[in-house]
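Chains as they are written, first to last, in the working numbering: chain A, 1 to 419; chain B, 1 to 290; chain C, 1 to 313; chain D, 1 to 240.
If you are wondering where the hints come from, they were derived from the structure by calculation, not from laboratory data.
One or more hints might be untrue.
Taking lysine to any residue pairs in the SDA-like style, the calculated list, with each CA pair at most 20 Å apart, reads [what the hints assert, rightly or not]:
1) Lys312(A) / Leu281(C)
2) Lys75(A) / Thr276(C)
3) Lys353(A) / Asp142(A)
4) Lys228(A) / Gly264(B)
5) Lys307(C) / Ala139(D)
6) Lys388(A) / Asp63(B)
7) Lys228(A) / Ala418(A)
8) Lys254(A) / Glu136(B)
9) Lys373(A) / Phe295(A)
10) Lys254(A) / Gly208(A)
11) Lys254(A) / Asp5(B)
12) Lys307(C) / Ile137(D)
13) Lys388(A) / Gly132(B)
14) Lys34(A) / Lys100(A)
15) Lys373(A) / Thr354(A)
16) Lys179(C) / Asp118(D)
17) Lys254(A) / Ala418(A)
18) Lys346(A) / Gly361(A)
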Amino acid sequence: MISLNKRGLLAGAAALGAAALIAAAPAKAAEPIKIGFSMALTGGLAGAGKSALIAMQIWEKDTNAAGGLLGRQVKLIYYDDQTNPATVPGIYTKLLDVDKVDLVVSGYGTNLIAPAMPIMMQRNLTFIALFGLAVNDKFNYDRYFQILPAGPKPITDWSRGFFELAMAQDPKPKTIALVGADAEFAKNAVKGARIHAKNYGLKIVYDGSYHPKTADFTPIVRAIQARKPDVVYVGSYPPDSVGMVKAATEMGLKTKLFGGGMVGLQYATIMTALGPKLNGIVNYDFWVPEPTLNFKGVEAFLKKYQTEAKGKGVDPLGYYLPTYAHAYLEILGQAVKATNSLDHGKLAEHMRKTTYDTVVGKVKFAPNGEWAKTRTLMVQYQGIEDNKLDTFAKAGTRVVLYPKEWVSGKLRYPYTEAR
Amino acid sequence: MFTFDLFWNALVAGALLGGFYAAVSLGLSITFGQLDIVNIAHPAFVILGAYIAYMGNEWWGFDPILTGLVAAPVFYAIGVGVYRFYYEAFERRDDEALRGLAFFFGVMFIVEVVLIMAYGVDFRSVQAPYIGGNWEIGTIGIPTRMFVPCMVSIAMFAAVYTYLARTFTGRAILAVSQDRLALELMAADPVRVKQVGFGLGIGTAAIAGALLIIIIPIEPSVGRLYIGQVFAIVVLGGLGSISGTLVAALILGVAESLVSTFYGPSWAPAVAFSVLLIALAVRPQGLFGR
Amino acid sequence: MTRFWIGAGAVIAIGLLLAVTDIIANSFWFFAAYVVLQYVVLATAWNIMGGYMGYVNFGSAGFFAIGAYTAIVLYNLVKAPLLVMIPLSGIVCGLMGLGMGYLTLRLRGVYFAIGTLALAVVLETLMVNWDYVGGATGAYVIRPRTLEPFGDYVKFLTFVMLVLAVIAVAAARWIERAKFGRGLHAIRDDEIAAECAGIPTLRLKLIATTLSGFLMGIAGAPFPLYVGFVEPASAFNLAYAVNAIAMPMIGGTTMWAGPVIGALLLGTAQQIANVTISSELNLLIVGLVLVLFVTLAPEGIVGLVRKYFGRGR
Amino acid sequence: MTGETILAVEDLTMRFGGFVALDSVNAEVYEGERLGLIGPNGSGKTTMINCISGALGNYTGTVRFRGRDLGSLKPHRRTRLGIARSFQIPRPFRSQTVRENLAITIEYATGASGAERDDRAEEVLQSMGLGPRADAISAGLTQIEMRKLELARALAARPQLLISDEAMAGLSSNEVDELLEILFRLNESGVTIIMIEHIMRAVMRFSQRIVVLDAGKKIADGEPDAVVADPAVERAYLGD
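Construct the entire structure; sequences and hints are all you get.
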């Protein structure tokens, strides 16, 4: 009885609310369209989060300069999630219930996307996520879209390029070492690599993980070296990526292909710190300044970004994440324009079937919300001779080897020679 | 898979790592071990030292270790200041145990946040000629990036050890918490003595920070990761034993390295802490405890 | 019926009323209240050991996380409902607390505090390497969307947390007034003298650590359902350890009201700072407030109030 | 002597690593007796009472209380059986009032509660002359008040055997007399007392019998005058 009564009440309230909304509609037209999200501005992912925010604010400014959306200005409303997943549910309810945002997008990273999902699903909201790995595998939510170009099967698509490159060599490699940090992304990256290794019949001679705070990687690299693998696949985070590269170059790691899923090697500060030590490494990337990837608008965007980023202690180049942080808002904006509405059902519908043109190229989503086709690039660091920032801003230092459409150079193989 | 080659290499790598751990722990060994001040903010000061080494390197191209040496007197002064405050606020009121702990907890947070506000959270690293080299002695490889910090650390230990053993103030520092009577006989003012000792402890953080940034890239919250480690080493070594701290650091480094090589790197930190837990349970006074 | 119990009953009744009706339509308040109430439980649990008994636990996050992970195991095994998760998480953490109690046999003061820190690290490493609960990758726990008569499931979670907070506070208040609490107080002042005064110190310490562990466990049990995704770094987050210590310190460690006031104030301040300042300043404030309180008001807010009204002894 | 054996120590040996603090000590204490325990610094007096009170549990040999082997009983159980001690350096429950110090001891050591507990606390307060300071926080007491509280807390446990560990060190001679009076009164009320003391005047005045320890061994046991005259005791105190 209680619940029946309550439902009655609810229905009444909803009707009243709807009436109020209709009445308020004309007055609201002048108000900006609010887009809410959480972002890691402190804590472990703050470096990335802050650079993403700069990119998003550039989009906000440009969009408003061009007249906004649906004749209204847009306004970003965001809170710091401190890289702490526990803050995320609170932030999104605040955005939705107190700030009454019209649209929502995610913060940066799987750990900070997942906690928002139950709320999105409860309210049937269209949710575009920024760099989540396989979040929707568990939720199966049809209004979830994700901008990281991992591909429809994120776990395996992630390292597909690495393995296709390896297996195209002559003679084919026979053994592989897998190593990764004990943390979300790295574990998943190595998991995908393990599947590929099995499928290709590569013998896994080392399969280890390490604590993310490991200070010295020498023992790990040595243990790997002792097993003489043809290929070494690494899934790592920024500090340990640096540690791995340093240990590998110091000890002269003897293998034919080295790299794979090392986060951080894309960041300007880390590239300039490592400099020539990067040569020969084959690693994933999302955007590099190669002629094949010169999409419309990306240059202009990066110029703005690089001006904005100065002196803020964030990535000064902005290739890796900021381009995509700009793109996911572009998609949202384009969908709003095309459907001429803020209705989440219509937006999701549009996103499911449309191919969008963005600063990161053409984006088309698969039914599970991931990119319909992987565009995880495999790039090789080549010909780096110094530690200058400009070196990494030119074409040719990170040549694209995969996927085919974007290839801009040749693989130098094996790693021992390419170094 | 076991080979002697791997074993010796693991041993050497562990010893080098241990040498570095020792540098980070030395300051705490003085402040906590000798003076009974539970300075859990010590790793935060180490990170501060690392950032100063970074600044010197980035702006003027100074050698990080040199910067560390130059910064050490400044850190000494900071240490003296912190101790004065600590003394006035807690020790004098005989109220240091719990609240002193909370105080340093707060200090740790403040240092970290100030660093974030100043530098952001991007990873920073330094350039130096000895970063990236490697010596091969037979089949054993010695990365200079690890070797140089280890040697600097040992030199620092030797210097501190000599200072404590040979000078009047040094001996007073050794006596201040363990042997009040001796201190009185020496006619030394305990507050002044502790002030010097604490300054010395924080001073070592400047150099330890420089060593840290040579080994790995840093960001402001990296310091927290070392709280457990350094306390483990100081307790394992036995409070009040400087040489014990060095030995414990080496043991921990070697243990981590061996586990990392032969078992699985992901268990390395747990092994270190398990050793600590067992040591605490069986022999709380540490290996070389008083 | 004492005033306390009438108050507690009223709090629960009002909580229930707010949770089942739509008087507060805005579910943000429930999400925020959940976090604050969770800290009330955690701070109160910490204070039973830290405040009453004088044993500082740096490993609160470890207990909280094991509470959460027990819930994940139960979820993975049998999709157990929340009301089963809570007591079982409590029991697991209670047993862990018991183990920690035996640690007090050998370790006192700072050594004990460091021991608890080490314990938390060991536990985290275990969870990182245990794939059944998601390992380092993390585990998804999908909460029901709604539960009648609460509507939104989070309203239910918040109400449950409110009840847990009342239970924790009632337990703390009982301890404070019972012979047991006076025994703990004596242990805090001087353990050896307490033993010689006929106080069975080991038994009292074991009960206290078990109870404290139990309460931390129940604080962590609903966490997976609240966030939906748990990985070791977030479950063992330093924030829990810091807040569990800072909140009683700020509120006052000698009285049950201390941790409650501390958690309500600091917890609410953090929730507000989260959505207003939204930067590093947030953390800086926690640090400064903590330093300020421990230096200027060692007895916490409760102590200040007592002093002000001249109720000091 | 006065009554039957209340405490018997047989072959009591305590080692700390390689150091033998107590070496096969045998001694008896009789019901209602006033026993003095003396010896030079480091002779094992405090170790011995730590073994008797249970603070050190890993001794070898036997401690019997009223014929019962105390084995590895914890200190709090021994307190409840009727063995109470005071500490050389006072260890009050510093944050609590004098009255609370006593109340908690009564509550745990004797099981009394409520009004009964409070009455007894009052009783002990009065008998020790601590009445005016009953509601002061014990951390703020003077030296003599601390000593009194130390004894008062031991008394609150309603002991049959009281071990007083250097309760008089550092007190003025008037204060020593005041404490001696209290101990005499207690003894008259039937409590057996072991007094450890360096102040020979007090020991000689108080003790009916004296036991002397030196380097962990019992070297003398007898009437005060006889013990003091014993050449072995003289050697122990003055050296060869």
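Against the structure, the hints come out as follows:
Restraint check for Lys312(A) and Leu281(C): the C-alpha separation of about 16 Å stays at or below 20 Å, so the hint holds. For the hint linking Lys75(A) to Thr276(C), the alpha-carbon distance of about 16 Å falls within 20 Å, and the restraint holds. Restraint check for Lys353(A) and Asp142(A): the C-alpha separation of about 12 Å stays at or below 20 Å, so the hint holds. For a cut-off of 20 Å, the pair hint linking Lys228(A) to Gly264(B) stands: about 18 Å separates their Cα positions.
Between Lys307(C) and Ala139(D) the alpha-carbon distance is near 19 Å, which keeps this suggested pair within the 20 Å criterion. A threshold of 20 Å between alpha carbons decides the hint, and for Lys388(A) with Asp63(B) the separation of about 19 Å falls inside it, so the pair holds. Of the pairs offered as hints, the one joining Lys228(A) and Ala418(A) holds, with about 18 Å between alpha carbons and a cut-off of 20 Å not exceeded. As the CA atoms of Lys254(A) and Glu136(B) are separated by approximately 15 Å, the hinted pair is consistent with the 20 Å bound.
Restraint check for Lys373(A) and Phe295(A): the C-alpha separation of about 17 Å stays at or below 20 Å, so the hint holds. Distance check on the hinted pair: Lys254(A) and Gly208(A) sit about 18 Å apart at the alpha-carbon level, within 20 Å; holds. Our distance criterion of 20 Å between C-alpha atoms is met by Lys254(A) and Asp5(B), whose separation comes to about 16 Å. The suggested pairing of Lys307(C) with Ile137(D) holds, with an alpha-carbon distance near 16 Å, which does not exceed 20 Å.
A distance of roughly 17 Å separates the Cα atoms of Lys388(A) and Gly132(B); the hinted pair therefore holds under the 20 Å criterion. Note on Lys34(A) and Lys100(A): the hinted pairing holds, with a Cα-Cα distance of about 8 Å set against a maximum of 20 Å. For the hint linking Lys373(A) to Thr354(A), the alpha-carbon distance of about 14 Å falls within 20 Å, and the restraint holds. For the hint linking Lys179(C) to Asp118(D), the alpha-carbon distance of about 14 Å falls within 20 Å, and the restraint holds.
Simply put, Lys254(A) and Ala418(A) have alpha-carbon atoms about 11 Å apart, close enough for the 20 Å limit, and the pair holds. Distance restraint check for Lys346(A) and Gly361(A): the Cα-Cα separation of roughly 23 Å exceeds the 20 Å cut-off, and the hinted pair is therefore not satisfied.
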